[in-house]
Structures are given as C-alpha cells and as structure tokens.
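Since chain P is already given, all that's left is putting chain U on it; use the hints.
Note that the protein sequences, when read in sequence, are chains P and U.
Residues in the first sequence are numbered from 1 upward in steps of one, following our numbering.
Residues in the second sequence are numbered from 1 upward in steps of one, following our numbering.
Treat the hints with caution; some may be incorrect.
[As the list claims (entries may be wrong)] In silico lysine-lysine, DSBU-like type, Cα no more than 35 angstroms apart, as pairs:
#1 K64(P) to K157(P)
#2 K64(U) to K7(U)
#3 K7(P) to K7(U)
#4 K7(U) to K157(U)
#5 K157(P) to K7(P)
#6 K157(P) to K64(U)
#7 K157(U) to K7(P)
#8 K157(P) to K157(U)
#9 K64(P) to K64(U)
#10 K157(U) to K64(U)
#11 K7(P) to K64(P)
None of these hints come from the bench; they were simulated from the model.
Number of protein chains: 2
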Amino acid sequence: MTLQRPKLSFWFDFGSTYSYLTAMRIETVARDRGLDLDWRPFLLGPIFNRQGWSTSPFNLYPAKGRYMWRDMERLCEEAGLPLVQPDPFPQNGLIAARIAHANRRAEWVGAFVRAVFMAEFGEGRDISDPALLAGLLLDLGADARACLAEADSIEVKIGLRAAVAEAETLGIFGAPSIVTEDGELYWGNDRLEDAVEWALRIVT
Amino acid sequence: MTLQRPKLSFWFDFGSTYSYLTAMRIETVARDRGLDLDWRPFLLGPIFNRQGWSTSPFNLYPAKGRYMWRDMERLCEEAGLPLVQPDPFPQNGLIAARIAHANRRAEWVGAFVRAVFMAEFGEGRDISDPALLAGLLLDLGADARACLAEADSIEVKIGLRAAVAEAETLGIFGAPSIVTEDGELYWGNDRLEDAVEWALRIVT
Chain P
1 MTLQRPKLSF WFDFGSTYSY LTAMRIETVA RDRGLDLDWR PFLLGPIFNR
51 QGWSTSPFNL YPAKGRYMWR DMERLCEEAG LPLVQPDPFP QNGLIAARIA
101 HANRRAEWVG AFVRAVFMAE FGEGRDISDP ALLAGLLLDL GADARACLAE
151 ADSIEVKIGL RAAVAEAETL GIFGAPSIVT EDGELYWGND RLEDAVEWAL
201 RIVT
Chain U
1 MTLQRPKLSF WFDFGSTYSY LTAMRIETVA RDRGLDLDWR PFLLGPIFNR
51 QGWSTSPFNL YPAKGRYMWR DMERLCEEAG LPLVQPDPFP QNGLIAARIA
101 HANRRAEWVG AFVRAVFMAE FGEGRDISDP ALLAGLLLDL GADARACLAE
151 ADSIEVKIGL RAAVAEAETL GIFGAPSIVT EDGELYWGND RLEDAVEWAL
201 RIVT
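Isolated chain P (complex conformation):
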C-alpha cells in the first residue's frame, strides 16, 4: 500500500512582497512535513483591476504601504533575508510568471522561483528583463532560449490566464495564498504553518 502524500498548492505573484517570504521557505517546510507542493504562479494585476485598483494596494493606500515595508524589514531580518525595495514597485513579473507556469512541474521550478524573488527583493534587480531571466535559467542548467520562446507562445499565455481564473474560482484575492487539496484557503505568509497543519489533519 502506498501512502498518499497530502499536497499544498502555493499561489504566488512575482510582484508580491509577502510572496517572497513564503517562496524562500515553502519547499523546505513542505519537504520537512512530508507534503507535496504545487507551484502556482498567477497574476494579481487582473484581479486587482476588477476590484477597481490600478496598482498595488500598498501604493494606493500610503499608510498601508509604509507599514508593509517596515513589516517586511522586520520579517526579513528575522528570516535572515536581504530586502531591497524594487523600483518601480510592483515589478512587472509577467514573463517570469509565464516561464514558471510553463515549467511548474520541472525539477528546477522552485529554484527558479527563489532566484527571481531574490533578484527582485534581495538585490533590487528588474525582473521584467528577459536577459536577467535568461541568466537565472542558465544558472539552473535550463535551456534559457527555449524557455523564453515558450513563454511567448499563445499556449502559455492562455495557460497563465486560465491560472488567474482558477485562482479566482478558489477564492483567491491576494498573494501568497496556500490551498489544500480539499479547498481550504490560507492567505499570507503568516498562514503557511496553519495550511500545513490542515493538510496533515486529513491523513492522520
């Protein structure tokens, strides 16, 4: 008899600050607790647009934005992660999201996601730059040229758009979001541990 390993789906947006915190630790957390992990890049932009927001709520609501950056400083210090405020914020993570979506079952997807977030929030680099992304892919031994071409294909563009629609079906309105197989939704880096406990509660 094979034991079924419970699974978490990690929904993230490359422009999202708190997604950085979760992306850097979720693969380790999942492995340590015996959980499978689905990497689910998506785009908050279309969801925000439909709410009438033209940019991140952290830009629209300055007090919330100032708080978020201070909160991120404290949390990154605690996690031992560097933090640079990217300019502009939020960054355009569309190409990175298409690459991650197309390769979401590749062995190197976690390493790629972490490398993009580290370039963005750890080093303040421009993650919309295909040359930057190509460099990160090459570092991982991936075929950078093929990945970038694939990311520009109609199939991948439609696929990522479908992922956004799927996120909304799941009730997702922000990032990071973590969803268990039975549909429990957890929003925010603060809820990762609760999501893990919920996922484990099903099998034990």
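Below, chain U alone, put in the same frame as chain P:
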C-alpha cells in the same frame, strides 16, 4: 530603583473582527510578560472614508470578506471563542467606543471591552443599543447611567475624534494595531507576540 515597565498601546475598533481576537487575550498576554497596557478605542470609519471606502473592505471586496469569515471561524475555534456573524456587519460601535475612551484608565475597562466584543461576535447582539451597553456596565459594577451620559458629552466626542487623529499620526490604517512606546507599529492579531518581543527588547 524602580524598574520601568514597558507599555503596549492597543488600538481597536469595536466593529473589527480581528480586534475581537486580540481584545480577548491581550490583557493576559501583557500581564504574563510584565507589560503595561493602554486601551485605545478608535474609529476606523473616518479613516476608511478618507480612503474612499464607504464600509468595511470585507464588504467592499466579497472574496476578501468570505475569506475573513472562514479565517475567523478557524481562529476562533483554535482560541476556544464563539463566533457569530453580526447583522449588520460592521456593527455601529460609536457609543461603546466613547464609553471605553472616557473610561480607558478605569480598572474595569478591559472587562468592558471584552464584554462588548463577546456580545457582538460571540452572541451576535446589537452593540449600538444603549440598553445592552448599560447592562454590561452594570454587570461590572460601573455607574451605567453616568457612563452613558458622559459618553454623550462634547468632551468625550471630541476626545474620541482626537484619538482617531492620533491613530493616523501613528500610521494606523486598520485594527487591531499595537504600538510600542518607541512608535513601532504592529497590525493584526497575528503580530501581538512580535509587538511584545519588541517592547521587551527595549528594557533587556
């Protein structure tokens, strides 16, 4: 030599769901960690209005609202607290806030705040009802008639309005918010423990 006890200021809105979670535990947490506590009722309404919001963001953004209620269910279950969705939501906590503001240094203020939140979110009662508030005050041995009259005075009305302005000066944009004496702002029930650690770090 008298050791100075560090202090937390607890800023809450009686209509706020997550303020309920913090209100029910903060006095115990503060006492256990040797911290003084300032009860700071305020009103999110005017702050939300200036952001262009006519009601709670949990009503304006339905996906966020649905998530919040599910999140509250999970958190209340874990905390052993009852949860009833008040109708309407948010409740009008203006009179309760005026009473709590006017008596924020009274020995019974913590018990009053907890009683209001429990009536609202534990029992689904209407906290805008002066008779309900009078009953809670009498249970605490307070002079209910005098408290209600004082809450209707111009001094208290102006005082609570000044508290809202002070909250904004501190960078507060939501509730609950916890502020340390050196001005560190923590937003949300999830951050209470971090606020405690920050406050203690100053003296040790």
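These are the hints, each one checked on the structure:
Taking the CA atoms of K64(P) and K157(P), the gap is near 32 angstroms; set against the 35 angstroms cutoff, the hint holds. Restraint check: the Cα-Cα separation between K64(U) and K7(U) comes to about 33 angstroms, which is no more than 35 angstroms; the hinted pair holds. At roughly 43 angstroms between alpha-carbon atoms, K7(P) and K7(U) are farther apart than 35 angstroms, so this suggested pair is violated. A threshold of 35 angstroms between alpha carbons decides the hint, and for K7(U) with K157(U) the separation of about 26 angstroms falls inside it, so the pair holds.
Proposed proximity of K157(P) and K7(P) is supported: the alpha carbons are some 26 angstroms apart, at most 35 angstroms. Restraint check for K157(P) and K64(U): the C-alpha separation of about 27 angstroms stays at or below 35 angstroms, so the hint holds. Pair hint K157(U) plus K7(P) does not hold up; C-alpha atoms about 53 angstroms apart against a cutoff of 35 angstroms. Between the alpha carbons of K157(P) and K157(U) the distance comes to roughly 56 angstroms, so the proposed pair goes past 35 angstroms and is violated.
Between K64(P) and K64(U), the direct Cα distance comes to roughly 16 angstroms. Compliance with the 35 angstroms bound is thereby established for this hinted pair. For the proposed pair K157(U) and K64(U), the alpha carbon gap of about 32 angstroms is at most 35 angstroms, so the pair holds. Between the alpha carbons of K7(P) and K64(P) the distance comes to roughly 33 angstroms, so the proposed pair stays at or under 35 angstroms and holds.
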